[in-house]
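As you go down the protein sequences, you meet chains A, B and C in turn. So for the first sequence, the numbering used here puts the first residue at 1; every next one is plus one. So for the second sequence, the numbering used here puts the first residue at 1001; every next one is plus one. So for the third sequence, the numbering used here puts the first residue at 2001; every next one is plus one.
No wet-lab data here; the hints were simulated from the structure. Be careful, since some hints might not be right.
As the list claims (entries may be wrong) - Ranges between beta-carbon positions, derived for each pair:
| # | chain 1 | residue 1 | chain 2 | residue 2 | range |
| --- | --- | --- | --- | --- | --- |
| 1 | B | Y1023 | C | S2009 | 45 to 51 Å |
| 2 | C | L2010 | B | T1088 | 48 to 54 Å |
| 3 | C | L2081 | B | L1114 | 41 to 47 Å |
| 4 | C | L2081 | B | F1083 | 28 to 34 Å |
| 5 | B | L1062 | C | A2004 | 50 to 56 Å |
| 6 | B | T1088 | A | L12 | 42 to 48 Å |
Quick caveat, the model's predicted, so the values are computed rather than measured. Beta carbons are placed, not taken as given, at the ideal position from N, Cα and C, and that holds for glycine.
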Amino acid sequence: MTAGLPFNIPFLAVVALISIGFFIILTQRNLIKMVMGIVILESGVNLFLVSLGYRTGGIVPIFTHAPEGVMVLPVPQALTLTSIVIGVATTALMLSLIMLTYRHTGDIDAEKSRRLKG
Amino acid sequence: MMSKIVRTISNILIPLVFIFGLYIILHGHISPGGGFQGGAVFASGVAMIIVAFGSASVQKRLKEHHLSVLESAGALIFIGLAFGGLATLFFFNFLAGSAVFGHIPPSGSNPGDLWTGGVIPLMNIGVGLKVLGGLSAILLVMALASSGIEVEE
Amino acid sequence: MRKAAVAVSLVVIVGLLVAAAFLIHPFGQPPSQMDDYMIENSQAETGTNNVVAAVLFDYRGFDTLGEATVLFTAVTGVVMLFRARQKREI
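Build out the structure end to end from the sequences listed, making use of the hints.
Now the structure itself:
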């Protein structure tokens, strides 16, 4: 892929992922489907961070047996690692709260569990 | 507890997954990888144990306060190494050029040397222990809760 | 009423995102100079072959410290939520 693309295809893929994530969060009523929408949104943001630092015709930024060429930027890759681990932690806490809500009220509909009962 | 075929294949495959995860953690400074990636691979091996053998029989041998001790040890190693270079800065690499892990690699493309890196391989080990202890504890507690068994103190 | 609000907000968000995707820099030519310093000087200063590991633990160590704290807090929260309820004696 050393030739330039006609328009920014990876950034359009990021726009598609983020809009699908927002659509799922705003229109679904089941709690597990809302968590899936949040996970798709986080995947879109991670893809955006990684595709910000690409140089055309670049190689991996590691000096062990490295071939000839310019290196891609290493700082966005480090930020993406942190973001992925934080996404895992947030998903684990959300799923634990959904399990406790189901054990307490017996229903996982977002419209029905609005009031705090005894 | 799954069938006999699944348990036999798991007995063969699980040590290979553990060794691969530890290899990714320990070679984090000369090849792609490091603490977070190797810890996640190790935790997927623990997930294979819990699925193949059932969470009730795993909980008799592997209590979750052993895993929390492992996680706290990893966090203390990481913070202790960060405070070690406090003479200059907070996260200073005080082992580059000295006795332990102190070779300097030649600039440009080279075959990797394991004894380079300064304080970075030790920090990789600390973060790897923390991630594998934390993710295994989450998996074990959720598997116990969804099959109806109460977690002991 | 509620469906109208959801539709309007979705149209606004998707419109702003598509406009931003066409105004950003072309894919493959990032305008950055800080990373050139890190690629050239990381073998002499930190002594590793892996530039990403040097950035994660040496040049930007505070981000890794914050992320270790977030992971520790999440694990503590999950284990605490599933403890057995103790019977209270009045």
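Okay, the hints, checked on the actual structure:
The beta-carbon spacing between Y1023 (chain B) and S2009 (chain C), approximately 48 Å, falls within the hinted interval of 45 to 51 Å. L2010 (chain C) and T1088 (chain B) have their C-beta atoms about 52 Å apart, which keeps the hinted 48 to 54 Å range intact. Between L2081 (chain C) and L1114 (chain B), the C-beta spacing of about 42 Å keeps the proposed range 41 to 47 Å intact. Distance hint check: the CB atoms of L2081 (chain C) and F1083 (chain B) are about 32 Å apart, consistent with the given range 28 to 34 Å.
Distance hint check for L1062 (chain B) and A2004 (chain C): the Cβ-Cβ separation is about 54 Å, which falls inside the suggested range of 50 to 56 Å. The supplied range of 42 to 48 Å is met by T1088 (chain B) and L12 (chain A), whose beta-carbon atoms lie about 46 Å from each other.
Violated hints for the displayed structure: none, as all numbered hints are satisfied.
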